[in-house]
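Visitor: Residue-level listing of the chains:
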Amino acid sequence: MQLDEFFVTGEPLIYAGMVAIALVTSAVIFLLTYFKKWGWLWREWLTTVDHKKIGIMYILSALAMLFRGGADALMMRTQLAFPDMNFLDAQHYNEIFTTHGTVMIIFMAMPFLIGLMNIAVPLQIGARDFAFPYVNALSFWAFFFGAMLFNISFVIGGSPDAGWTSYTPLAGAAMSPGPGQNFYLLGLQLSGIGTLATGVNLMVTILKMRAPGMTLFKMPIFSWSSLITMFIIVFAFPILTVALALLTIDRIFGSQFFTLTGEGLPMMWANLFWMWGHPEVYIVVLPAFGIFSEVIATFARKQLFGYSVMVWSIILIAGLSFLVWVHHFFTMGAGAFVNSVFSVSTMAIAVPTGVKIFNWLATLYKSKIQITVPMMWALAFIPSFVMGGVTGVMLGMAAADYQFHNSYFLIAHFHYVLIAGTVFACFAGLIYWYPKMFGHRLNERIGKIAFWFFVIGFHVCFLPQYFLGLDGMPRRVFHIVPEWFNLNVVSTVGAFGMGIGFAVFVYNIYYSYRYSEREKTGDPWNGRTLEWATPIPVPEYNFAVVPHVDSLDAFWTMKERGESPYDESKVKPIHMPSNTGKPFIMMGILTLASFFLVFEWIWLAAAGLIGGIIMMIIRSFDYDEGYHISSEEIIETERSARGL
Amino acid sequence: MKHIRKYSKKWILLLSIPLILMLSGCSELTVMDPKGPVGEQQKDLIIYSLYFMMGIIVVVFVLFTFMVIKYRDKPGRDPKDYKPDMHGNKTIETIWTIIPVIIVTCLSIPTVNTLFDLEKPAESSAEEEPLVIYATAADWKWFFSYPEQGIETVDYLHIPKDRSVEFRLSSADSMSALWIPALGGQKYNMAGMQTTLYLQADENGVYQGRNSNFNGEGFAEQTFKVHAESKSEFNEWVKQTQHSAPKLTQSKYNNLLEPGILDDTKEFSSTHLQWVDHGSMEGSDYAVKRHWDAYGKKLHLKNGKNHNHE
Amino acid sequence: MANQSRKIPIQHIVGFALSITLTLLAAWTALRSSLPVMWIIIAILTMAVLQAAIQLFMFMHITERGAGHAPWNMMFHAAVIAVILVAGSLFTMSFGFHYDNGGGDSQPEQQQEQHQN
Amino acid sequence: MSTEESNAKPLEYRTESGELGIVGFWIFLAAEIALFGTLFATYAVLFGRTADSPLPSDLFEPGSVLIMTFILLISSFTCGIAIHEMRRGSVKGLVIWLAITLVLGLSFIGLEIHEFILYAHEGATLQSSAYWSAFFILAGTHGVHVTLGSGWAILLLIQFAQRGITSITSRKVFILGLYWHFLDVVWIFIFTGVYLIGMVI
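Chains as they are written, first to last, in the numbering used here: chain A, 1 to 644; chain B, 1 to 310; chain C, 1 to 117; chain D, 1 to 201.
Next up, chain A with everything else stripped away, as it sits in the complex (with noise of 0.2 Å):
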């Protein structure tokens, strides 16, 4: 293979990237070793199991993938601004538009949620950590790795380019050669097995290591709602795991599930996909429904109304999520008796939804609304998510989802749910559980700032869209006609203001690391759950007395019976689980056999395959029990922390 055949050539922008990738590259390695930092990193962060770092490390990910996929979105928004742009080729806008929906749901939402609850989750039912600490680290460097994997696409090799859902037959071996798809499949591949074990992980913690006293039924909302996406998960992402395996097969080994000889059924693919494609959606929205619950009980000082209901309405949506899966193919002609069976159970999806949202109103209802910046997001939510749920109702609709397939209309409807669902959630959740996280609070006028541009960008941006999905523009086209340029340029106007929300969400970081006040106590916001029980920063064992539970709300009844959540005559040795960095290099050497069997070396592939397993068997033998913390060392972490 020559050089120039590994590396892309030949566009500006990629050389750009390639500069910019370069320049960042030096510069971290510079600093680190300036600042003598190599030792610190190694141990405070790439060794680490504790959920609360490993959370950080994941939303750190998640907003640089939301930088590079909200900058494919700006690139494909000026493209399609006026009639006669030739900013991008057909081509590089194909490959733009795959990249930025893997990205975006794979890369950024499903780990900025994975992150938020990676910090919440333990602190909210009162566990020490995750059941298997080193599965977290190892499902951590597993999305880490995938996603650089895919990211390095577009400087070497070529980014894949058949759409984020990477239909076959173009997504073959026949029509797309060359290793750009490869780097999707195996990308999505690595990351996806990050997430069953996460999914296996959490699921254990939340169902095994709650304070005793916390029946399942007491547990605060968020954590209901990861449990139920653990759920899903670990239902779902098995299916990606295999449609995944099944087309690698195909393009790399030359068998014929999805491919035009051989009798091969290309649409398996889609029915495939969309198997687990639609959980997905269900996998990175109901994490949100679960943030928007806490910040708007939080905020409006009130319990959530209608608590059981809630549970159980995302219980049901869970269920169904697994049953409609066809309505993203309406269009392959299966014939009306099956589009019906879909349709219906598709329009069901909005009984329980529609009762969430009514839930979350009741919520508000003589209550106490503090108009702080998370609740601004979560107050937001409900209005552009009804907006964007009564079109998916509409999509819904198969017979009228024939003129909506394929064009703007669904484009607009799924960023409707997904911006103002899980985006929305995203901001609201990390400005919310930041203090726990940093030590001290989102400076709220610039947060605001950053609100209000990122809000009305949305809606300017989204809005028009329906429209021109109904004067038939169709999606992925990277040009439009003179008929469509009113609408578009009002889109792209708004998308720009969203860019500007977010460069001012990102400065605003900056500005409070520098400004604002560090927090004293651990309960910045007068929190109704258990993680606001414990202190700032949080101790690495989390609760020095494991908290005992009998009501929902937990900490906001201890507050009201004048409770401490700590007690030191109870304080007594806590076990901890010992670092390690067995999971950075165990995906490190399996990132590089993936690497390899992008282009096709089998035997180097092999070879990685066996260091992996070589891994495993060392893993196998290691018999570190981890360590205990005294109760002295106990005693003084918490009296400092505490103020005591």
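A portion of the hints provided could be inaccurate.
[What the hints assert, rightly or not] In silico DSSO-like pairs for lysine-lysine, Cα to Cα no more than 27 Å straight-line: (1) B/90 x A/366; (2) B/120 x A/368; (3) A/208 x D/9; (4) A/218 x B/70; (5) A/368 x B/231; (6) B/83 x A/366; (7) B/74 x A/448; (8) B/70 x A/356; (9) B/302 x A/218; (10) B/90 x A/356; (11) A/366 x B/70; (12) B/74 x A/559; (13) B/83 x A/356; (14) A/368 x B/70; (15) A/570 x A/582; (16) A/366 x B/80; (17) B/120 x B/289; (18) A/36 x A/559; (19) D/9 x A/572.
Just so you know, the hints here were simulated from the structure itself, not pulled from any lab data.
Knowing the structure of chain A, use the given hints to seat chains B, C and D on it.
Guide: Using the frame of chain A, we list chains B, C and D on its own:
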């Protein structure tokens, strides 16, 4: 108070944008201004659902605005208006479970009815047999074969008005979707499979048709014009094509199948159906086998005039 | 539940005998019986489900106290998902093949007739 | 039962990490069921798409498949006995029965490879048609699982030789046992759904 005014203004504004756009724009949007009975049926369904959706949006927005304005934490609020321990209410929760169920039922029935209706020719032309056209997509062009007339066109289509057209959809290679928004909804074209789509035009005119399902580099250019004309004009066009157009030979057809964008539209006085039906399992690898290496080549396609039939 | 200290694991032996019997019975049904194909398929699939249940309850201790409700709960839902996957795929993917045997040389008129069936 | 109630739980459940491990593994098995369910779904949908390659009914032989099935059923039984011996506290019994299980597992893999080579000689390979791709990947995935299970059993035998029965080693063997029985369940469905039905139709 200043805050309240600010917020309410924002929501009133947000509420009014879609309404204004909806009222002013609907009649000009292609899908909302159909030119045939199929699109008409779909438009009716969309309008019907829109009433419900607007209703839901209005109810939620009003409730939301009310809650946010009334229950903000501000000095001088009536303490009786704050009930922090309210945890639920069975009756009201049951009510707002039942209402969505009713709405979904109201939407399901016409949806299912329309679904079954769309699987057969439009009623308005029931007395006449539908015109059969094989619409075959190939990277990145359209072949329209008229088996009864023995003619085939590439990248454009003539149909008689007031007569149902039965499209038999398949693809020579990648998955595409035939979509003529002015006439009605789309369906996928897939190699090795055949799907059926009924459409009909009630007005003379030239409509935009396209592939709406992404299938690679030339996707945006895989468009065609639909000429809907009176039956006599259509018959005239058929006769003329039968006489003046050349025969389609297999080698010519194989050349046309090579992935790429054609500069001009074409017409022939015979069809490719005599040697291959891409809608059957046997026909699914016809194009891929012949042009295996060509699919990987890039066109380096830029925005601009890529063909003459736009 | 088998007593841990018992010397002979009766439960395992019974389970083993049952599964061998069911396997032989299934093989006989499929290969030697003269039932209609549909009934054969139903019968042998039922026997497979029975065997799976034997493994779960008699060998895998699914109802054992230690692990709580999670095992049987997850197994139940996994079974439901597996049925959705297989039945759902067959339900949605068996269309569009109106004339698998048509081939390239059949006439359009014939195809039309077949299609109208 | 009442005497057992008063007894402590089996050793593998006694520590918190033991219990978490076992519950986690059950959840993982649920994911595995979804994985095999997807492979079965693919197989079912692609059934009959043999193109120019031989039909399954021409290649499948009841004899060899029944032998493979019995080997796996017996290995599942011996594995169960191994766990039983472990709970009785007998390291020797555990090691012997686990070793028998391992030998049976390895001979199953040997037979399966032999079978695959036979099919390949008849012209049915991974590449020859959609049906055979689905067949080889479904049966092959099961085979890979058995291989991994065998490798795992070897590691555990070494660890038992080193450490005897502790709360950690007993948890590991119990989990391996769950895995092994689960693979047996999957094979029952492959035997029924693939081989028997393939011979009938």
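Visitor: So, for every hint listed, does it hold in this structure?
Guide: So, going through the hints one by one against the coordinates:
With a C-alpha separation of about 17 Å, the suggested pairing of residue 90 of chain B with residue 366 of chain A holds against the 27 Å cut-off. Between residue 120 of chain B and residue 368 of chain A the CA atoms are separated by roughly 58 Å; this puts the pair beyond 27 Å, and the hint is violated. For the hint linking residue 208 of chain A to residue 9 of chain D, the alpha-carbon distance of about 16 Å falls within 27 Å, and the restraint holds. With a C-alpha separation of about 30 Å, the suggested pair residue 218 of chain A and residue 70 of chain B falls outside the 27 Å cut-off, and the hint is violated.
As the CA atoms of residue 368 of chain A and residue 231 of chain B are separated by approximately 70 Å, the hinted pair breaks the 27 Å bound. For a cut-off of 27 Å, the pair hint linking residue 83 of chain B to residue 366 of chain A stands: about 6 Å separates their Cα positions. For the suggested pair residue 74 of chain B and residue 448 of chain A, the alpha carbons sit about 19 Å apart, so the restraint of at most 27 Å is met. A threshold of 27 Å between alpha carbons decides the hint, and for residue 70 of chain B with residue 356 of chain A the separation of about 21 Å falls inside it, so the pair holds.
Note on residue 302 of chain B and residue 218 of chain A: the hinted pairing is violated, with a Cα-Cα distance of about 59 Å set against a maximum of 27 Å. A C-alpha spacing of about 14 Å is found between residue 90 of chain B and residue 356 of chain A, which places the hinted pair at or below 27 Å, so the restraint holds. Taken as a hint, the residue 366 of chain A and residue 70 of chain B pair is honoured in the structure, with Cα atoms around 8 Å apart against an allowance of 27 Å. This hinted pair checks out: residue 74 of chain B and residue 559 of chain A have alpha carbons roughly 23 Å apart, not beyond 27 Å.
A C-alpha spacing of about 20 Å is found between residue 83 of chain B and residue 356 of chain A, which places the hinted pair at or below 27 Å, so the restraint holds. At roughly 9 Å between alpha-carbon atoms, residue 368 of chain A and residue 70 of chain B fall within 27 Å of each other, so this suggested pair holds. Annotation: proposed proximity of residue 570 of chain A to residue 582 of chain A is violated, straight-line Cα distance about 35 Å (limit 27 Å). A distance of roughly 9 Å separates the Cα atoms of residue 366 of chain A and residue 80 of chain B; the hinted pair therefore holds under the 27 Å criterion.
For the proposed pair residue 120 of chain B and residue 289 of chain B, the alpha carbon gap of about 35 Å is over 27 Å, so the pair is violated. Proximity of residue 36 of chain A to residue 559 of chain A is assessed by CA-CA distance (about 44 Å); at most 27 Å being required, the pair is judged violated. Annotation: proposed proximity of residue 9 of chain D to residue 572 of chain A holds, straight-line Cα distance about 25 Å (limit 27 Å).
Checked against the numbered hints above, the structure breaks hints 2, 4, 5, 9, 15, 17 and 18 and satisfies the rest.
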